[in-house]
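Start from the sequences, fold in the hints, and give me the full structure.
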Amino acid sequence: MSDGNAIGRTLTVSGVFAGYDAADVLHDVNLTVEPGGVTCLLGANGSGKTTLIRAILGLTRPRAGEIRFGESDLTTLPTHRIVGAGIAIIPEGRKVFPRCSVEENLRLGAYEIADRAEIRRRMEVVYDRFPRLRERRGQLAGTMSGGEQAMVSIGRGLMKAPELLIVDEPSLGLAPNLVEENFETIAGIAKQGVTVFLVEQNVHQTLAIARRGYLLQQGRVVESGDAKSLAASDAFQQAYFGAGH
Amino acid sequence: MDIAFVSQIVVSGLILAVIYALVAVGFTLFVGVFNVLNFSHGDVLMFGAFAGFTAFLPLAGLGVTSPFLQLVLVTIASVTCTIALGLIVARFFILPLKGAPLLNTLLITLMLATVIREGVRLFYPRGSNPKSFPALLPTDFVSIGAINVRVDTIMLIFAGLAIIVATGALIERTRFGLAIRAVAQDEETARCMGVNYRLVVLGAFALGSGLAACAAMINGLYYNEVNYSMGLMLAIIGFCSAIIGGLGNIAGAILGAFIFAGLQIVGSLFMPFSSAYSDVFAFAVILVLIALKPTGLIGERVSERV
Ligand SMILES: Nc1ncnc2c1ncn2[C@@H]1O[C@H](COP(=O)(O)OP(=O)(O)O)[C@@H](O)[C@H]1O
Ligand SMILES: [Mg+2]
Chain D
0 MSDGNAIGRT LTVSGVFAGY DAADVLHDVN LTVEPGGVTC LLGANGSGKT TLIRAILGLT
60 RPRAGEIRFG ESDLTTLPTH RIVGAGIAII PEGRKVFPRC SVEENLRLGA YEIADRAEIR
120 RRMEVVYDRF PRLRERRGQL AGTMSGGEQA MVSIGRGLMK APELLIVDEP SLGLAPNLVE
180 ENFETIAGIA KQGVTVFLVE QNVHQTLAIA RRGYLLQQGR VVESGDAKSL AASDAFQQAY
240 FGAGH
Chain P
0 MDIAFVSQIV VSGLILAVIY ALVAVGFTLF VGVFNVLNFS HGDVLMFGAF AGFTAFLPLA
60 GLGVTSPFLQ LVLVTIASVT CTIALGLIVA RFFILPLKGA PLLNTLLITL MLATVIREGV
120 RLFYPRGSNP KSFPALLPTD FVSIGAINVR VDTIMLIFAG LAIIVATGAL IERTRFGLAI
180 RAVAQDEETA RCMGVNYRLV VLGAFALGSG LAACAAMING LYYNEVNYSM GLMLAIIGFC
240 SAIIGGLGNI AGAILGAFIF AGLQIVGSLF MPFSSAYSDV FAFAVILVLI ALKPTGLIGE
300 RVSERV
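If you read the sequences in order, they're chains D and P.
Residue numbers for the first sequence follow numbering that gives the first Met the number 0, beginning at 0 and rising by one.
Residue numbers for the second sequence follow numbering that gives the first Met the number 0, beginning at 0 and rising by one.
It should be emphasised that the hints constitute simulated quantities derived from the structure, not laboratory data.
A quick note: this is a predicted structure, and the numbers were derived from the prediction, not measured.
One or more of the hints may lead you astray.
[Stated by the list, open to error] Each pair of labels, with its calculated beta carbon distance range: (1) P:L268 to D:G141: 50 to 58 Å; (2) P:A290 to D:S13: 52 to 60 Å; (3) P:A290 to D:E134: 52 to 60 Å; (4) P:Y123 to D:A63: 47 to 55 Å; (5) P:L268 to D:D20: 53 to 61 Å; (6) D:G141 to P:L169: 17 to 25 Å; (7) D:G83 to P:A275: 32 to 40 Å; (8) D:A84 to P:A275: 55 to 63 Å; (9) D:R119 to P:A165: 24 to 32 Å; (10) D:G241 to P:L169: 55 to 63 Å.
[To be verified] Computed list of chain D residues with no C-beta within reach of chain P, every gap over 12 Å: (11) T11; (12) D23; (13) H26; (14) N29; (15) H79; (16) G92; (17) E103; (18) R106; (19) L171; (20) E183.
[To be verified] To be clear about the criterion: a stretch of chain D counts as covered by chain P if any three or more of its residues have a C-beta under 8 Å from a C-beta of chain P, and this derived list gives those stretches: (21) 42-48; (22) 93-102.
Glycine is no exception: its CB is placed at the ideal position from the N, C-alpha and C atoms.
Here is the structure:
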């Protein structure tokens, strides 16, 4: 598997306005996540990254605009149908089900699958990636450490065997050594052919594994391009280093 | 107090506990999946009792005279009707209020309760009079040592316990149960896993209402009476039981039901002259329990609900 010319569907966000109650958070957001590799979404706290992901997943309905995955229009689909289309999410804050065991959390990741053998097979793949989860399979997820919960959340996303994996700030709140591990895990998942849409605050580590990226500022895409040109852009330099060119 | 008298009280306490538990699990399910205190639950139960009673009336005339067959048909009618009513409540009155203020859903369920109750009272033939529910189980006595108990009582207790255990297994062991628990813990994340939220809410209301029908049947078969206001007290007690156990927690709701029934027994042992006093005693103790442990008896160790 390689970056570059993977076959698969493209996620297209066009002209999306979305927000909560009174005010829009996203203003005319356009972006695409092409198949293969890591596409990243950068932006300061509160710039609307999570809101965009919520819009893609149908949790916060766009007020205007369109979201497509390949041929399918996701804009008005219920959330369970959107993830049924081959999209999995590792949500911000991990969001493991605290009173479910590790195994039940993983089971929920492949909720729409009824075939027990297939579920078993996918679980073994996850356990091979995170042997710690195999040891702790019966433990309630809510009693685990932050690092272990991150494994549960990633494993649960992988249980869907997704075509597109959306990851919202996976290293938020993790110890520095675990952050490093986390990036390796995500890069590894992408190498195996899963398209990754990664939202992150750790820009350097993110750009090191991303192919392309977007910079979001106050709900608007202000810069986009491949990782190198994005890092070199004025908007990026200004946002992260305050350098006025 | 002789042993026969005490055992009689214990047995009727067990019956009560089983009935309360079946009602309380419904309350807890509804809170789990929709965060709604569904006060119409007791009157859905009453509706189930009337549906069962009504289904019984023509059976003898149709040539169905075997009490066993009658029981099966009456139970099917009762369960089907309550599930249908529960689904209507969920589909048309609860789900549309998604995201509405909590007080609005509360008000809706209170009004629904009144509509169902008054509807039966006004439109059922002689609806305000109690109806005598048939005794469809063997009513002879068996002796266990010095204790004489009616066979139907024993059967009802075991049937109720079996239904409670089966419900626990459904929640803990099946995919549907896992979906209910996931939704109760984190609705949005559950939807992101592929759970069809509306279907889970409808399923939980169907399950809760079906359990209410079971409670109605046990109640009817034991007391041989149904009346239009029977749901009111059962709802309050079922709700109370769910609260003592820690609302949203299935095992807690069952425990709460047994505690409430236990308190009523203790009350009636010391105040045997009137059942009203044992209710007052039970509610008073519950008030103290809730004041002492506002989050319920089963602590929320990890996080909240189910
Ligand atoms: N549930 C919500 N209700 C109201 N406003 C929200 C909600 N979630 C986020 N916001 C607001 O939307 C803006 C964007 O937030 P968010 O999408 O979480 O940003 P990011 O993920 O980039 O940090 C912020 O101003 C935030 O306060
Ligand atoms: Mg965010």
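Now the hints, each set against the structure:
1. P:L268 to D:G141: 50 to 58 Å: violated (41 Å)
2. P:A290 to D:S13: 52 to 60 Å: Holds, at about 57 Å.
3. P:A290 to D:E134: 52 to 60 Å: violated (43 Å)
4. P:Y123 to D:A63: 47 to 55 Å: holds (52 Å)
5. P:L268 to D:D20: 53 to 61 Å: holds (56 Å)
6. D:G141 to P:L169: 17 to 25 Å: At roughly 22 Å between Cβ atoms, L169 of chain P and G141 of chain D fall inside 17 to 25 Å, so the hint holds.
7. D:G83 to P:A275: 32 to 40 Å: Given range 32 to 40 Å: violated, Cβ gap about 55 Å.
8. D:A84 to P:A275: 55 to 63 Å: holds (60 Å)
9. D:R119 to P:A165: 24 to 32 Å: With a Cβ separation near 26 Å, R119 of chain D and A165 of chain P satisfy 24 to 32 Å, so the hint holds.
10. D:G241 to P:L169: 55 to 63 Å: This hint holds: roughly 58 Å between Cβ atoms.
11. T11: holds (20 Å)
12. D23: Answer for D23 of chain D: holds, closest chain P Cβ roughly 19 Å.
13. H26: Non-interface label on H26 of chain D holds, nearest chain P Cβ at 24 Å vs cutoff 12 Å.
14. N29: holds (24 Å)
15. H79: violated (5 Å)
16. G92: violated (10 Å)
17. E103: Contrary to the label, E103 of chain D does not stay out of reach of chain P, its closest Cβ about 6 Å off (not over 12 Å).
18. R106: For R106 of chain D, whose nearest Cβ neighbour in chain P is about 6 Å away, the distance does not exceed 12 Å, so it is violated.
19. L171: Holds, since 16 Å exceeds 12 Å.
20. E183: holds (24 Å)
21. 42-48: Contact hint for the stretch 42-48 of chain D vs chain P: violated, 0 residues under 8 Å.
22. 93-102: Contact hint for the stretch 93-102 of chain D vs chain P: holds, 5 residues under 8 Å.
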